[in-house]
Amino acid sequence: DVKVTQSSRYLVKRTGEKVFLECVQDMDHENMFWYRQDPGLGLRLIYFSYDVKMKEKGDIPEGYSVSREKKERFSLILESASTNQTSMYLCASSPSTGQGNTEAFFGQGTRLTVV
Amino acid sequence: KNEVEQSPQNLTAQEGEFITINCSYSVGISALHWLQQHPGGGIVSLFMLSSGKKKHGRLIATINIQEKHSSLHITASHPRDSAVYICAVRFRGGADGLTFGKGTHLIIQP
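In order, the protein sequences belong to chains A and B.
For the first sequence, this note's numbering puts the final residue at 115, and the numbers step up evenly by one.
For the second sequence, this note's numbering puts the final residue at 225, and the numbers step up evenly by one.
Don't take each hint at face value.
[What the hints assert, rightly or not] When the alpha-carbon atoms are kept at most 20 Å apart in a straight line, the in silico SDA-like pairs for lysine to any residue are as follows:
hint	chain 1	residue 1	chain 2	residue 2
1	A	Lys55	A	Phe105
2	B	Lys217	A	Lys55
3	B	Lys217	A	Glu22
[As the list claims (entries may be wrong)] What follows is a set of in silico ranges between Cβ atoms, one per label pair, in the way DEER data are often shown:
hint	chain 1	residue 1	chain 2	residue 2	range
4	A	Arg14	B	Ser165	43 to 51 Å
5	A	Ser96	B	Gly143	39 to 47 Å
6	A	Thr83	B	Gly143	34 to 42 Å
No lab work stands behind these hints: they were computed from the structure.
Ideal Cβ placement from N, Cα and C applies to all residues, glycine included.
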């Protein structure tokens with residue numbers, strides 16, 4: 001059974017804290033993604049990575065950074081958490097065929113509250 | 116701007132009804148996904164389409180590439196089908212990330 005696992009389901013952090021959200025996949029996928037989901041806005045792409053140590057900005061990268069030191073792990077970092085980063089964060093992975101028609105697999109989501 | 120529009124935003128129906136959720140997009144795509152999200156957040160991929168029609172149990176997904184439109188149908192709906200259904204596309208020539216519709220919140224009443 002294929003799996004994308006996010007390290008926490010629920011997280012509460014204080015404003016200004018450095019926050020790490022971890023995502024691990026066991027499918028040997030090249031591509032990994034971080035999205036955030038907000039009411040009325042849907043899911044939006046923050047960052048993605050198509051290979052180890054490679055990263056690309058998505059639509060809303062401001063206030064975030066990422067790390068991909070190993071193929072199976074993709075970390076989202078909030079350098080200094082702010083209340084407007086309170087959201088549901090979803091990690092996803094997919095294989096890379098160069099044709100864009102590959103299945104996407106999602107983690108269970110991390111609901112982050114910044115107080 | 117590449118966009119994905121879903122309708123309706125909210126849908127409440129009685130158990131047993133035939134359900135249709137629509138998705139339209141603005142430019143050419145390499146693939147379209149239908150996703151299901153239950154309360155609690157986890158997302159499950161229902162279908163990935165690049166042409167034609169797919170069926171899985173009571174769920175049917177169709178896509179019309181020329182019209183840039185896809186539909187998700189649920190036959191003999193059941194309260195356990197209550198969830199948010201999300202259409203997502205990978206635009207041709209774009210980055211590998213998906214662009215999502217805002218979702219359809221479906222409630223099936225017994």
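Hint check results:
Restraint check: the Cα-Cα separation between lysine 55/A and phenylalanine 105/A comes to about 19 Å, which is no more than 20 Å; the hinted pair holds. The suggested pairing of lysine 217/B with lysine 55/A is violated, with an alpha-carbon distance near 26 Å, which exceeds 20 Å. About 25 Å separates the Cα atoms of lysine 217/B and glutamate 22/A, which puts this hinted pair outside 20 Å; it is violated. Distance hint for arginine 14/A and serine 165/B: a CB-CB separation of about 45 Å, consistent with the stated range 43 to 51 Å.
Distance hint for serine 96/A and glycine 143/B: a CB-CB separation of about 20 Å, inconsistent with the stated range 39 to 47 Å. Between threonine 83/A and glycine 143/B the C-beta distance comes to about 39 Å, which sits within the given range of 34 to 42 Å.
Checked against the numbered hints given earlier, this structure breaks hints 2, 3, 5; the rest are met.
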